[in-house]
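**Q** Guided by the hints, dock chain A with the ligands onto chain R, whose structure is given.
Residue numbers (the numbering used here), protein chains in the order written: chain R, 271 to 572; chain A, 271 to 572.
Everything labelled a hint here was simulated from the structure, so no lab data went into it. You may find that some hints are simply not true.
As the list claims (entries may be wrong) - Calculated cross-link-like contacts (lysine-lysine; reagent style DSBU-like; alpha-carbon spacing at most 30 Å):
1. 378/R <-> 423/A
2. 290/A <-> 278/A
3. 464/R <-> 423/A
4. 290/A <-> 387/A
5. 473/A <-> 489/R
6. 423/R <-> 464/A
7. 378/A <-> 558/R
8. 379/A <-> 377/R
9. 494/A <-> 494/R
10. 558/A <-> 298/A
11. 377/R <-> 403/A
12. 378/A <-> 403/R
13. 558/A <-> 289/A
14. 289/R <-> 273/R
Protein chains: 2
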Amino acid sequence: MAKLIDGKTIAKDIRTQIKKEIEELKQKYSTFKPHLSIIQVGEREDSTVYVRQKERAAKEAGIEFTLHKKADSITENELLTSIRELNDNPSIHGFLVQLPLPSHINKKKVTETISPKKDVDGFHAINLGNLAKRDCEALFLPCTPKGIIELLKRSDIEIARKNAVVIGRSDIVGFPVFTLLSRNDATVTLCHSKTENLPEIVKTADILIVAIGKAEFVKGDWIKPGAVVIDVGTNAIKDPSKQSGTRWVGDVEFSSASTVASYISPVPGGVGPMTVAMLLQNTLESAKRFLQEARNRNFSLL
Amino acid sequence: MAKLIDGKTIAKDIRTQIKKEIEELKQKYSTFKPHLSIIQVGEREDSTVYVRQKERAAKEAGIEFTLHKKADSITENELLTSIRELNDNPSIHGFLVQLPLPSHINKKKVTETISPKKDVDGFHAINLGNLAKRDCEALFLPCTPKGIIELLKRSDIEIARKNAVVIGRSDIVGFPVFTLLSRNDATVTLCHSKTENLPEIVKTADILIVAIGKAEFVKGDWIKPGAVVIDVGTNAIKDPSKQSGTRWVGDVEFSSASTVASYISPVPGGVGPMTVAMLLQNTLESAKRFLQEARNRNFSLL
Ligand SMILES: NC(=O)C1=CN([C@@H]2O[C@H](COP(=O)(O)OP(=O)(O)OC[C@H]3O[C@@H](n4cnc5c(N)ncnc54)[C@H](OP(=O)(O)O)[C@@H]3O)[C@@H](O)[C@H]2O)C=CC1
Ligand SMILES: NC(=O)C1=CN([C@@H]2O[C@H](COP(=O)(O)OP(=O)(O)OC[C@H]3O[C@@H](n4cnc5c(N)ncnc54)[C@H](OP(=O)(O)O)[C@@H]3O)[C@@H](O)[C@H]2O)C=CC1
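Bound-form chain R, shown alone (with noise of 0.2 Å):
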């Protein structure tokens, strides 16, 4: 049986640290209070909660907090401008506008008048450019693709030199966790939809990337033995036995894959949690370049 992957275990160890290191911080410096933002537009009720776990996450590490609800109705430019002013916010260190939005509202637009110094998602354009190239350079790492490559560190899964397998290509997941593991020196297969002979390419995986979206799509007799799996997917299948009629499940056959994989990452408690987590560090991480640039323009009016 494959060990698992505790994601909820070690996601709170990240916070744990986290939250040690603001306290020292703060001691250190009167001025240091790390501050995140989320721009929430409309009621989606799945938005409504992982706003909520993302404060309640924030204050626990003595991240300040400020959510900016805005209407269903608001015009694109209304939102480009409430964008602005977190950007020439001094007090904000960083924000995010919580996906998805209502469909008269261009996202491109958005996330790229998000200022990149602040874009805490990773998600501008001039931040996944420069996580492409090879000194990496990005300011901020997109969280899930992050969380995911923490994830194999602490597990001490070794990445370099092994073949990975990432099934799926979006712009949050498949494609940044691509980038990340190619490098960090694994060789990398990137399939899609369009990817003819999934379970021929999966069985090469040593490490084995899922974030498709389908229900249990991959088998755990596709899967090399010993092979570590890290499942992406959140997929909610009807189950009657449950009080809600629903369940949580990845985009693996978590029964049959278990038993094949050196580890695996169960779903819920294994990617989610670090999405989160990261979302954390990456305020930390940019509430300190903002501390450390007023140090230094501080030190050269002496």
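**A** Frame of chain R, contents of chain A with the ligands only:
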């Protein structure tokens, strides 16, 4: 025997098309004067050769060309100032700083100071970032990767649903070629110097792109019969039978590979000529965008 992918002829066709389009646009719009500039720092012989090639090709196509030669001793700040002047000069539609640069100059600062709107080399992080995004809205694609895709398309080689292997993951060739192949729906594996079982992986490729800079490294018996092989490498090796004492070879052993592949690009005369053709194409696209913007401005003034 493999069919030759004749980059020289394909590039010539493209340059003829570009020339024709420029002539037509000049006739239609008296203000249309596409203009390419290059900043060359120092006197490296290879750089002078490349710059001269670009100059000749630009002029032949009806693109104005200006060369800004700078001494090796130029400071980084002086170079950045020259770049900003070209950014601000409305008669210039595209420019590049010929690489490599002397070691006292930070390449990244140079690349990132060039306006993304004039970045005809396509090396600015924001252009690389947008290239990696699903909707690929990069203003410019880097010339060599763009030329490789063009070679495949003009040879009627299908990319979608094929297995592709790219060897080499540099910022200017390997990585963006990977990205473009993936965005064209190939399933792509990206290999590099830390890849363990390279011949075995190469064997899976319907399309193989090699960009490593190692003379005749990939052998014919690694290649899947019928595969398409694009050889980006440009390596000088000793050849006493030549007057110069050297000749150019690719990263693929042509003699053995050409008996197995269905298509192969030779060195020289394969990818090389495409790079310059794509530079002209990027310059033309940029000049057209500036023309369109000026027309929109005039229109909105009416
Ligand atoms: N914190 C967390 O735990 C997070 C979890 N997720 C979950 O991860 C999953 C993926 O999310 P996201 O990347 O945003 O999804 P997208 O829908 O944006 O992308 C899905 C990708 O999977 C590919 N795909 C779809 N079907 C198949 C198939 N049958 N075979 C191979 N590839 C396929 C698509 O290919 P193509 O490009 O060809 O269309 C696409 O690249 C979802 O379940 C989501 O809920 C996402 C973000 C965070
Ligand atoms: N117009 C044209 O025709 C152009 C031709 N070229 C030519 O293409 C070649 C590559 O150029 P460029 O991308 O700039 O080179 P770089 O030196 O920047 O990158 C070389 C890449 O090849 C990888 N590599 C090196 N040795 C091996 C090996 N033994 N096995 C597998 N991978 C290996 C390296 O891996 P790692 O990352 O692990 O170090 C690296 O990713 C050169 O010959 C260059 O002259 C380049 C640009 C334009």
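**Q** Could you tell me which of the hints above the structure violates, numbers in ascending order?
**A** none
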